[in-house]
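Visitor: Chain by chain, the residues run as shown.
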Amino acid sequence: MNNNTLISKKELLQMTGISYGQLYRWKRENLIPEHWFIKKSSFTGQETFFVKDKILKRVKEILDLKDKYSLEELSKLISPEFTKRIFDSNELRRIPQLKDKIINIFKNILHKNYFTYFEIIFIYAFSKYKDYLNDAGEDLKDIIKTVEHWSKIIKGTSFRFVILGKKTERLYLLIHQNTELIYDNSTQELKVIDLEEMLKELSLLMNNIIND
Amino acid sequence: MIDITIDFRRWNMSNFNDVSICGNKKVNGGKYRHVKITGNGKITGDTEAKEININGSGKIEGNTVTSKIEINGTGLIEGNLESKQVISDGELIIRGVIIAENILTNGMLSVQKMIKAKKIKARGNLYSSKGLESEEFNLEGAFKIEELLNSNKIDILFSGNCYAKEIGGDEILIRHTYTFDFGFTIGCFGINDRMEAELIEGNTVFIEYTKVKVVRGHNIKIGKNCVIEEVEYFDSIEIDPGAIVKTKKKI
Chain A
0 MNNNTLISKK
10 ELLQMTGISY
20 GQLYRWKREN
30 LIPEHWFIKK
40 SSFTGQETFF
50 VKDKILKRVK
60 EILDLKDKYS
70 LEELSKLISP
80 EFTKRIFDSN
90 ELRRIPQLKD
100 KIINIFKNIL
110 HKNYFTYFEI
120 IFIYAFSKYK
130 DYLNDAGEDL
140 KDIIKTVEHW
150 SKIIKGTSFR
160 FVILGKKTER
170 LYLLIHQNTE
180 LIYDNSTQEL
190 KVIDLEEMLK
200 ELSLLMNNII
210 ND
Chain B
0 MIDITIDFRR
10 WNMSNFNDVS
20 ICGNKKVNGG
30 KYRHVKITGN
40 GKITGDTEAK
50 EININGSGKI
60 EGNTVTSKIE
70 INGTGLIEGN
80 LESKQVISDG
90 ELIIRGVIIA
100 ENILTNGMLS
110 VQKMIKAKKI
120 KARGNLYSSK
130 GLESEEFNLE
140 GAFKIEELLN
150 SNKIDILFSG
160 NCYAKEIGGD
170 EILIRHTYTF
180 DFGFTIGCFG
190 INDRMEAELI
200 EGNTVFIEYT
210 KVKVVRGHNI
220 KIGKNCVIEE
230 VEYFDSIEID
240 PGAIVKTKKK
250 I
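In order, the protein sequences belong to chains A and B.
Taking numbering that gives the first Met the number 0, I'd label the letters of the first sequence as residues 0 to 211.
Taking numbering that gives the first Met the number 0, I'd label the letters of the second sequence as residues 0 to 250.
No farther apart than 30 Å at their CA atoms in a straight line, the calculated lysine-lysine pairs in the DSS-like style are these:
{"id": "1", "chain 1": "A", "residue 1": "Lys38", "chain 2": "B", "residue 2": "Lys143"}
{"id": "2", "chain 1": "A", "residue 1": "Lys199", "chain 2": "B", "residue 2": "Lys129"}
{"id": "3", "chain 1": "B", "residue 1": "Lys67", "chain 2": "A", "residue 2": "Lys154"}
{"id": "4", "chain 1": "A", "residue 1": "Lys154", "chain 2": "A", "residue 2": "Lys199"}
{"id": "5", "chain 1": "B", "residue 1": "Lys143", "chain 2": "A", "residue 2": "Lys39"}
{"id": "6", "chain 1": "A", "residue 1": "Lys190", "chain 2": "A", "residue 2": "Lys154"}
{"id": "7", "chain 1": "A", "residue 1": "Lys9", "chain 2": "B", "residue 2": "Lys212"}
{"id": "8", "chain 1": "A", "residue 1": "Lys38", "chain 2": "B", "residue 2": "Lys245"}
{"id": "9", "chain 1": "B", "residue 1": "Lys117", "chain 2": "A", "residue 2": "Lys26"}
{"id": "10", "chain 1": "B", "residue 1": "Lys112", "chain 2": "B", "residue 2": "Lys67"}
{"id": "11", "chain 1": "A", "residue 1": "Lys59", "chain 2": "B", "residue 2": "Lys152"}
{"id": "12", "chain 1": "A", "residue 1": "Lys39", "chain 2": "B", "residue 2": "Lys212"}
{"id": "13", "chain 1": "B", "residue 1": "Lys117", "chain 2": "A", "residue 2": "Lys59"}
{"id": "14", "chain 1": "A", "residue 1": "Lys166", "chain 2": "A", "residue 2": "Lys127"}
{"id": "15", "chain 1": "B", "residue 1": "Lys249", "chain 2": "B", "residue 2": "Lys210"}
{"id": "16", "chain 1": "A", "residue 1": "Lys26", "chain 2": "B", "residue 2": "Lys164"}
{"id": "17", "chain 1": "B", "residue 1": "Lys220", "chain 2": "A", "residue 2": "Lys39"}
{"id": "18", "chain 1": "A", "residue 1": "Lys26", "chain 2": "B", "residue 2": "Lys112"}
{"id": "19", "chain 1": "B", "residue 1": "Lys118", "chain 2": "A", "residue 2": "Lys26"}
{"id": "20", "chain 1": "B", "residue 1": "Lys83", "chain 2": "A", "residue 2": "Lys67"}
{"id": "21", "chain 1": "B", "residue 1": "Lys247", "chain 2": "B", "residue 2": "Lys210"}
{"id": "22", "chain 1": "B", "residue 1": "Lys249", "chain 2": "A", "residue 2": "Lys53"}
{"id": "23", "chain 1": "B", "residue 1": "Lys129", "chain 2": "A", "residue 2": "Lys38"}
{"id": "24", "chain 1": "A", "residue 1": "Lys26", "chain 2": "A", "residue 2": "Lys154"}
{"id": "25", "chain 1": "A", "residue 1": "Lys199", "chain 2": "A", "residue 2": "Lys106"}
No wet-lab data here; the hints were simulated from the structure.
Okay, chain A solo, but in the shape it has when bound:
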């Protein structure tokens, strides 16, 4: 998380041409998550800053999709809040990006046919980044059980899923968006998966399928 140049709120408004009203509305609708607003003190009290790349990308997305969907639909599509619905595994099979094999593994290990949105994010992430997982039985089983556990205790998707490797060992972490991690020399960061990104991609995929 290094090259994070910040821009202030008014610079953002100038660059994108949106208004304060719009920005606050998007904040209310959770289109821009709370923790993206970084408060910093300036000579006139506090000023709000954003991480430049992230916020510009998000604003562009919202402006592009705004005409197609209503704000409420949009917030379901790209907001970090959880959709409350539960999905059937047969429904999931209709999405080609979710690999059948991974769905089956989840199904067998968790002994259930229905998955929460949080679990589906991981099904999608594991389908996409299969190579980074240790296929050898126990390891995968453990992590899938952990995902089920996480899905109960965690609210929101403002997390990164980090896969670390040390010699032959694998370590799986779920850390909060803004936290920085520093490892020892022999530990390698194999893959970092941003759950928010995953959620967004997945929502778009699911939306296409469900609307068909």
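Starting from the known structure of chain A, fit chain B onto it as the hints suggest.
Guide: Quick look at chain B alone, frame taken from chain A:
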């Protein structure tokens, strides 16, 4: 934004009982059809009901989900309140979050956490320690909001000393009752009334009797008796001669 989870139409209402408390009594929480408290009643535990009526003094020790809650007198909810309609005449204290479509209060509304609603119309006193989010916010009286007051349309007619840490939205209109009360308040009361804020940001902003550090917006009008350190505007600005503005800047 507003997502009321329970759809009461799906309930088979004949399965649930009515609860009616008269006098001084305590009942357990649970699922009910109508809850009616007359006198001094207490419900222990989480409660789901189609309708809740409190006349007198009522206390719910748990999270409450309902489609309509009406209070005449005093209501105290120890958990969160989720309701389509909240109508309160008197005093309503909520220790958790309040999520509603419509909130209509006369008297006092005190919320320990966040207020989230589509429409809020309040007369009297309003307090929230974790901020307020709504589409339309209409208030007559005094308020204290510790964090952000975020609403598309804000229309405040205040009296007394008020505070909001930050105010943000599309249309912001903050007036003081003094300007409209002829005869009674003129000259004697209300002259020292101030609203205080650290930051006000909106598309169109009108404020008066307000002390604020920074005001930012597209079209800004500063009324009388304002003390402002910095104004930043995109399009237009009007400043009343009775206002003090230290610096103004066009962006």
